[in-house]
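Novice: Sequence:
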Amino acid sequence: MVDSLLEERRRGLQTWLAIIAMHPVLGSSPMLVTFLSDKTPDHLFRMRVAFEKQVDEFSRLRTDVDLPLEDQEKLAASRDRLRKVLHSLHRLRKIFDEQAFRLEQQARDMAEVDLILQGLEVREVFGE
Numbered sequence: 015m016v017d018s019l020l021e022e023r024r025r026g027l028q029t030w031l032a033i034i035a036m037h038p039v040l041g042s043s044p045m046l047v048t049f050l051s052d053k054t055p056d057h058l059f060r061m062r063v064a065f066e067k068q069v070d071e072f073s074r075l076r077t078d079v080d081l082p083l084e085d086q087e088k089l090a091a092s093r094d095r096l097r098k099v100l101h102s103l104h105r106l107r108k109i110f111d112e113q114a115f116r117l118e119q120q121a122r123d124m125a126e127v128d129l130i131l132q133g134l135e136v137r138e139v140f141g142e
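In terms of my numbering, the sequence shown opens at residue 15 and continues consecutively.
In short, the hints are calculated from the structure, not lab data.
It cannot be assumed that every hint is accurate.
Unchecked claim - Below, simulated DSS-like cross-link-like pairs (lysine-lysine); rule was C-alpha separation at most 25 Å, straight line:
#	residue 1	residue 2
1	Lys-98	Lys-108
2	Lys-98	Lys-88
3	Lys-108	Lys-88
Keep in mind that this is a model prediction, so the values were computed, not measured.
Using the sequences and the hints, build the whole thing.
Specialist: So, in structure tokens, the structure goes:
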């Protein structure tokens with residue numbers, strides 16, 4: 015059982031490595047090439063160097079960039095629509111919760127009515 019599990023994991027890893035290695039973007043990444051092919055003792059240092067050369071996408075973002083006016087209007091309209099949808103969903107949830115509570119209460123009331131009708135006092139009145 016352990017051997018079959020190991021074999022299955024080995025094949026899965028081999029498939030994953032083949033997919034990553036043949037990927038058009040990831041396959042040519044210097045970091046991936048270093049990770050998969052470097053056999054030198056200082057491979058950790060080479061990985062750090064390759065990682066430091068990668069440009070961080072978040073470091074390129076600027077905080078002082080403003081959206082064009084038409085995009086700001088679209089964004090404001092989208093936020094307003096989302097706010098309305100969220101408010102409607104909140105109201106629906108409240109209604110459904112109240113309905114569920116009423117159904118539970120009704121089920122309890124019906125069970126109590128059943129107990130009363132099956133009780134001895136009612137049977138004696140109707141002569142059963």
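Novice: Now look at each hint and say whether the structure bears it out.
Specialist: To see whether the hints hold, each was checked on the structure:
no. : hint               : verdict
1   : Lys-98 <-> Lys-108 : holds (15 Å)
2   : Lys-98 <-> Lys-88  : holds (15 Å)
3   : Lys-108 <-> Lys-88 : violated (30 Å)
Hint violations for this structure: number 3 only, all remaining hints satisfied.
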